[in-house]
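Undergrad: Heads up: the protein sequence lines correspond to chains A and B, in order. At position 37 of the first sequence (counting the first as 1) the number is 37 in my numbering, and the numbers step up by one without a gap. At position 570 of the second sequence (counting the first as 1) the number is 570 in my numbering, and the numbers step up by one without a gap.
It is worth saying that the hints were derived from the structure and are not from the lab. Worth double-checking, as some hints may not be accurate.
What the hints assert, rightly or not - Taking lysine-lysine and the DSS-like style, the derived pairs with C-alpha atoms no more than 30 angstroms apart in a straight line are:
1. Lys64(B) with Lys40(A)
2. Lys40(A) with Lys77(A)
3. Lys50(B) with Lys40(A)
4. Lys19(A) with Lys50(B)
5. Lys77(A) with Lys19(A)
What the hints assert, rightly or not - To be clear about the criterion: a stretch of chain A counts as covered by chain B if any three or more of its residues have a C-beta under 8 angstroms from a C-beta of chain B, and this derived list gives those stretches:
6. 55 to 65
7. 68 to 77
As the structure is a prediction and not an experimental result, all values here were calculated from the model. Don't be surprised by glycine CBs; every beta carbon is placed ideally from N, CA and C.
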Amino acid sequence: MSAPNRDVMQGTLDMLVLKAVSIEPMHGWGITQRLHQITKDVLQVNPGSLYPALERLQDRRWIAAEWGTTENSRRAKYYHITATGRRQLGQEQESWHRIVAAVNAVLRTT
Amino acid sequence: MRWITIALRRLRAFIRRADLERDMSDELRLHLELEARHREQRGLDPADAKRAALLTFGGMDAVKEAYRDARGVRPLDDLAQDVRYGLRSLRASPAFTLAVVLTLALGIGANTAIFSVVHGVLLRALPYADADRIAVVWETDRDSGTDREDASVPDYFDFVARSRAFAALAAVVDGPLNRTSTGGEPERITGARVTANIFAALGVTPRLGRGFLASDDVPGGAHVAIVSDRYWRTRLGGIAGVLGQTLRLDDSSYTIIGVLPPDVRFPSAETDVWAPMQLTATSGPRSRHFIHVVGRLRPGVTMAAASAEMGAIAGRLESEYPRDNKARGTNVESLTDVMVGGVRKTLVLMLGAVGLVLLIACANAASLLLARLASRSREVAVRAALGATRRRLAQQFFVESLMLTLGASALGVLIARGGLSLLLSLAPPGLPRREQIALDWPVLAATLAVSVVVAMAFGLLPALTGGGAPGESLQGSNRGGTASREHRRFRGGLVVAEVALSLVLAIAAGLLVKSFTRVRAVDPGFKAEHLLTLRYQLPSSRYPQSFSNFPAGWSKIFGFQRDVLGRVGALPGVRSVALAANDPLASGFTNGFVIEGREQQSAKGQAEMATRPVSADYFATAGIPLLRGRGYLPTDDASAPNVLIINEAAAKQYWADQNPIGHRLRFWGTWREIVGVVGNERFAGLTAPAAPAMYPVMTQTPMSTASLLVRTAGDPHAVLASVRRELREVDPGVAPFGVQTMEEALSDAMGQQRFTATLLGGFAAVALVLALVGIYGVVSYSVAQRTREIGIRVALGATTRNVIGDVLGQGLKLAIAGSALGVIGALGAGRLLGSQLFGVTPTDPVTFVVSVAAILAVAIIGSYLPARRAATVQAIVALRTD
Numbered sequence: 001m002s003a004p005n006r007d008v009m010q011g012t013l014d015m016l017v018l019k020a021v022s023i024e025p026m027h028g029w030g031i032t033q034r035l036h037q038i039t040k041d042v043l044q045v046n047p048g049s050l051y052p053a054l055e056r057l058q059d060r061r062w063i064a065a066e067w068g069t070t071e072n073s074r075r076a077k078y079y080h081i082t083a084t085g086r087r088q089l090g091q092e093q094e095s096w097h098r099i100v101a102a103v104n105a106v107l108r109t110t
Numbered sequence: 001m002r003w004i005t006i007a008l009r010r011l012r013a014f015i016r017r018a019d020l021e022r023d024m025s026d027e028l029r030l031h032l033e034l035e036a037r038h039r040e041q042r043g044l045d046p047a048d049a050k051r052a053a054l055l056t057f058g059g060m061d062a063v064k065e066a067y068r069d070a071r072g073v074r075p076l077d078d079l080a081q082d083v084r085y086g087l088r089s090l091r092a093s094p095a096f097t098l099a100v101v102l103t104l105a106l107g108i109g110a111n112t113a114i115f116s117v118v119h120g121v122l123l124r125a126l127p128y129a130d131a132d133r134i135a136v137v138w139e140t141d142r143d144s145g146t147d148r149e150d151a152s153v154p155d156y157f158d159f160v161a162r163s164r165a166f167a168a169l170a171a172v173v174d175g176p177l178n179r180t181s182t183g184g185e186p187e188r189i190t191g192a193r194v195t196a197n198i199f200a201a202l203g204v205t206p207r208l209g210r211g212f213l214a215s216d217d218v219p220g221g222a223h224v225a226i227v228s229d230r231y232w233r234t235r236l237g238g239i240a241g242v243l244g245q246t247l248r249l250d251d252s253s254y255t256i257i258g259v260l261p262p263d264v265r266f267p268s269a270e271t272d273v274w275a276p277m278q279l280t281a282t283s284g285p286r287s288r289h290f291i292h293v294v295g296r297l298r299p300g301v302t303m304a305a306a307s308a309e310m311g312a313i314a315g316r317l318e319s320e321y322p323r324d325n326k327a328r329g330t331n332v333e334s335l336t337d338v339m340v341g342g343v344r345k346t347l348v349l350m351l352g353a354v355g356l357v358l359l360i361a362c363a364n365a366a367s368l369l370l371a372r373l374a375s376r377s378r379e380v381a382v383r384a385a386l387g388a389t390r391r392r393l394a395q396q397f398f399v400e401s402l403m404l405t406l407g408a409s410a411l412g413v414l415i416a417r418g419g420l421s422l423l424l425s426l427a428p429p430g431l432p433r434r435e436q437i438a439l440d441w442p443v444l445a446a447t448l449a450v451s452v453v454v455a456m457a458f459g460l461l462p463a464l465t466g467g468g469a470p471g472e473s474l475q476g477s478n479r480g481g482t483a484s485r486e487h488r489r490f491r492g493g494l495v496v497a498e499v500a501l502s503l504v505l506a507i508a509a510g511l512l513v514k515s516f517t518r519v520r521a522v523d524p525g526f527k528a529e530h531l532l533t534l535r536y537q538l539p540s541s542r543y544p545q546s547f548s549n550f551p552a553g554w555s556k557i558f559g560f561q562r563d564v565l566g567r568v569g570a571l572p573g574v575r576s577v578a579l580a581a582n583d584p585l586a587s588g589f590t591n592g593f594v595i596e597g598r599e600q601q602s603a604k605g606q607a608e609m610a611t612r613p614v615s616a617d618y619f620a621t622a623g624i625p626l627l628r629g630r631g632y633l634p635t636d637d638a639s640a641p642n643v644l645i646i647n648e649a650a651a652k653q654y655w656a657d658q659n660p661i662g663h664r665l666r667f668w669g670t671w672r673e674i675v676g677v678v679g680n681e682r683f684a685g686l687t688a689p690a691a692p693a694m695y696p697v698m699t700q701t702p703m704s705t706a707s708l709l710v711r712t713a714g715d716p717h718a719v720l721a722s723v724r725r726e727l728r729e730v731d732p733g734v735a736p737f738g739v740q741t742m743e744e745a746l747s748d749a750m751g752q753q754r755f756t757a758t759l760l761g762g763f764a765a766v767a768l769v770l771a772l773v774g775i776y777g778v779v780s781y782s783v784a785q786r787t788r789e790i791g792i793r794v795a796l797g798a799t800t801r802n803v804i805g806d807v808l809g810q811g812l813k814l815a816i817a818g819s820a821l822g823v824i825g826a827l828g829a830g831r832l833l834g835s836q837l838f839g840v841t842p843t844d845p846v847t848f849v850v851s852v853a854a855i856l857a858v859a860i861i862g863s864y865l866p867a868r869r870a871a872t873v874q875a876i877v878a879l880r881t882d
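Pulled out of the complex, with its shape left as it was, chain A reads as follows (with noise of 0.2 angstroms):
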C-alpha cells in the first residue's frame, strides 16, 4: 500500500502523530502539547511541520478528521486513528525498534 519513508525525519514525525492520535482524538495544539508532555520538551513540533503531516497522513488514510467542539466549546478539528492507521502504526513501530536496537550494537561495539 505504502512506500516506507525515506526522509527518517518526516517519517519519525508522521509516526509521533500517529502514535498520539492512537490514544484518543485530538486537535492539532493537543498533538503538540502531548508530544511536548511525553518526551519532556525534549521534542518540539511545530505547527508548520504539523499540519502538514496531518494532511499527508489523511492522505494516506492512515487517519480521519472531524470538526467537534473543545471543553471551553471552542469549533476544532478533531484528528483520530483508522484501522489502516493502526496496522501502519504497528509495523512503523516494530522497524523502528530494531534500528534502534541496531544502531545502538554499533555504538556499543566502539
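Given chain A's structure and the hints, the job is docking chain B onto it.
TA: Just chain B, lined up with the frame of chain A:
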C-alpha cells in the same frame, strides 16, 4: 486506490477551497490561542504569552502556505489562475480573439455539419442485427452490361433450392398501393410483397405482434400485413389494439398482425406496409426480372464464398435455360454497399474537402497566434524572470489555445446546425438514410476531439518556434526584427500551405461547377417547362391486368385510360395530355427483341432496349420531335396492325444509315412495323449517352401503372387540383402520387452535381477568404515589424513605388510558392474527382488558369492594403517608433 483517495480529496479541496481556507484559519487561530493560554497559565503576562505563541509558528503565512501545499490543490489553483489570466488577456485583444475564434469556428462548423452527414449515412450501423452479414443477390447480364438486375421468379426459387451459403434467402417486390379508408380520400402507401423469411434475413423482430409464418406465404394464404412503426404512430393511432384491425389496400382487406421497430426502412425509405408474396415457382416467367433478393449469410460463410456459390449456380442455370438465362450471372453485394455505395464517394470527397478547410483555418489561426506570441515575447520574458517555470508558461499557452478552440467549437456547433439544414435542403433527393442524419452525441464527441487536437497543436506552437524561451527577449530585441525571423519564416510557411490548400479546393470546385454547367446544358430530349406529371397504379382487383389475356381482358384499363385522357384534356389551361409507363426522366424497363431478317443474330443475344409504352399524344405532349415517318394515330388500336416508334439512337444502332421505317421488330410475342423515328430522350440519366429506346403504343401493349403528363398553358401547379378532381371522378379508389413538374424533376436529376458543385464552391469561397486573411495578416505584421527598416529606406531615397512593390512582392512570392504546390496537389485531387466530373477533364486548363489567377488576385489584394500603409511611412516617424 490511494491515488483515488488523494484525487477525491484534492478535488474536494479545490471545489471547497474557500471553506477550507476558513477552516484552516480557524484551526490555526485556535492553536495559537491555546498555546498562548498555556503559556499564560505558566506565568507569562498575556502580551508576552501571545508573542511567544506566535513565535512557535515561525510565521503565520509560511505555515499557511505549507498547509496549503500539503493540501495539494496547487495544480488546480494554477489552472484556475491560468483560465482567469487567459480570459483577461483574450479580452484585452478582442480583434485577435474574434479572428481566431471565427476562423476556427468556420472550419469546425463546416466539418461538424459534413461529418454528421457522413456519420448518419455511412458510419452508423444499419438497424439490423449483424447488418454486415446481409447480402443482396443481383442478376447480371453480360450482353447489356448490367450488374444490378432483379432476379426472375424461377431463378429465385432455384437460388433458394441450390444455395447453401444463406441462412435465409428472401424475396421482395415493392411498389405503391392505394389505401382506402371508409369515407376518406384514397391514400397512397408504399408497400412491399415479401417472402415470409424476410425479417429473418434482415434480423428484425416486430416490436408488436408477430412476423410472417411460412403458412401465410402460400398462394391463397391469409391476407395479413405488417406495418412500419412510423405508419403505426402517425396513421394508426400508435395503439396496441391495432393488431387484428383491417387495412383496405387496393380493394383487398388485410389483417394487421405486427408492427416493426422504428428505423426499419426496407426496401425503400418510404415503405410502410409489408404483406406476404404468396409466390410459387411458376408465378412469373424466367425472362421477367422483378424479384429483389436479399439473404443473410450462414455463420462462417463470407461474402466472397456466397458470391462464388451463386456464380456457380447461375452458370448451371445458364446452361439449363440457354434461351432465358443466356449471358446471365449473379452479383452478391452487402446491403450496406447497395444502400450507400452510390454516395460514399461523394461524401468522402466532401469530408476530404471540408478537412482541407479546417486545415486552412488552423493554419490561419496558427499564424495569428504566432503574431501574437511575438508581440507577447516581452510579457513572457517578464513572467519567466519573475520565476514562472517553462512548464508553467507552456501550460498558460495551452490553456489559452484550449479556451480559443473550445469557444470556436461552441460557435462551430451553432454554425453546423445552420449548415446542416442548408446541407439537407441542398442534398440530392436520392440521398439514402437521410433520416439518420443528426447533430448527435457521436458527432459532437468527434468535434470535441478535433478541438482538443487543434488546441494541442497550437499549445505546442510556442515550443516549436522557440517562443517559450525567455532568453534574450528582455533586451527588447524584437523591435529590430532579427529575433522574429524564425517566426516570420514559419508564418510564411503557413501561408504557403494555406494558399496551396485553397488552390486545390478552388480547382476542385471549378471543375465541379464547370461539369454542373455541362449537365445543365444537356438537352434532356423533351421540353420540361409547363409540363406536369403524376403517377397512378390501378388495383388489379378491379382492373384485371393479366399479360396472357391482352388485349381482350384489358377493356377496364382501356376505359380508364380513355376517360382520364378525355377529361383531363378538356380542362381549361391544359394544352395536351398523354400517358406513359414512366416519367420522361425515369429509366423504366428494358426488353429483349428480335429484328426481322436478323433472327439468327438476335437469338444469339442482343442488348435489350429501353421500352416505354405511351399514349398516341406522348411525343406532342412531352415535346419530343418526330424525325421520320409518322406519329401514332387514334386508329392505331388493338384491332389495327401493330406499329412501333423508335428513337434516333435505336435507328442509328440497328439500321445505321438505312431507313428503319417499314422494318419489323418483335417483342412480347408480336411483330410490329416501325412507322416513325423520334428524337432521343435520356433514359439512363442526363450524364449517360442517350440509349436506344422503343415506344410501343398503349393500345397495342399492356400498361397498367402509368404517368399522366399534362402540358399546360400557364403554371403547371395551377391545374393540379382540377386534374386530381378529374382522376377522382374517374375512379375514387386510385390515389395519384409522385406529383411534380418536369422542371422540378429535371432539377432533381441534377441534384448530385448541384450538391457537390455548390458545396465545394462554398468551401472554396471560405478557403479563399481565409487565405486572404492569412496573407493580409502575415504581410501587415511584417510591415509593422519592418517600419524602421522601411523608414530608413525612405530616408535613403526609396520611392512610394519601391516600397509598395517590395511589400506586394513579398505577398506574391508566398502566393506563387503556394500556387505551385497547389497545382501539384490539384493534379492529384483531380484524379480522385474523375468519376464526379461530366464533360470536363480533371486537368481542364481553363479551370486551372482561372483558379490560379483568383489565388494570385487574392494575394495581391491581401498584400496591397499593408503595402499602402508601408508607403505612407515617414522616415522620421519610423525612426522614432519604439
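Undergrad: All the hints need checking, so say for each whether the structure fits it.
TA: Against the structure, the hints come out as follows:
1. For the hint linking Lys64(B) to Lys40(A), the alpha-carbon distance of about 28 angstroms falls within 30 angstroms, and the restraint holds.
2. Distance restraint check for Lys40(A) and Lys77(A): the Cα-Cα separation of roughly 25 angstroms lies within the 30 angstroms cut-off, and the hinted pair is therefore satisfied.
3. Only pairs whose Cα atoms come within 30 angstroms are accepted, and Lys50(B) paired with Lys40(A) is accepted, the gap being roughly 22 angstroms.
4. With a C-alpha separation of about 29 angstroms, the suggested pairing of Lys19(A) with Lys50(B) holds against the 30 angstroms cut-off.
5. As the CA atoms of Lys77(A) and Lys19(A) are separated by approximately 18 angstroms, the hinted pair is consistent with the 30 angstroms bound.
6. Counting residues of the segment 55 to 65 of chain A whose CB lies closer than 8 angstroms to any CB of chain B gives 6, so the stated coverage by that chain holds, three being the minimum.
7. With 5 residues having a beta carbon nearer than 8 angstroms to a beta carbon of chain B, the segment 68 to 77 of chain A meets the requirement of three or more and the stated coverage holds.
Consistency with the previously given hints is maintained throughout, with no hint failing.
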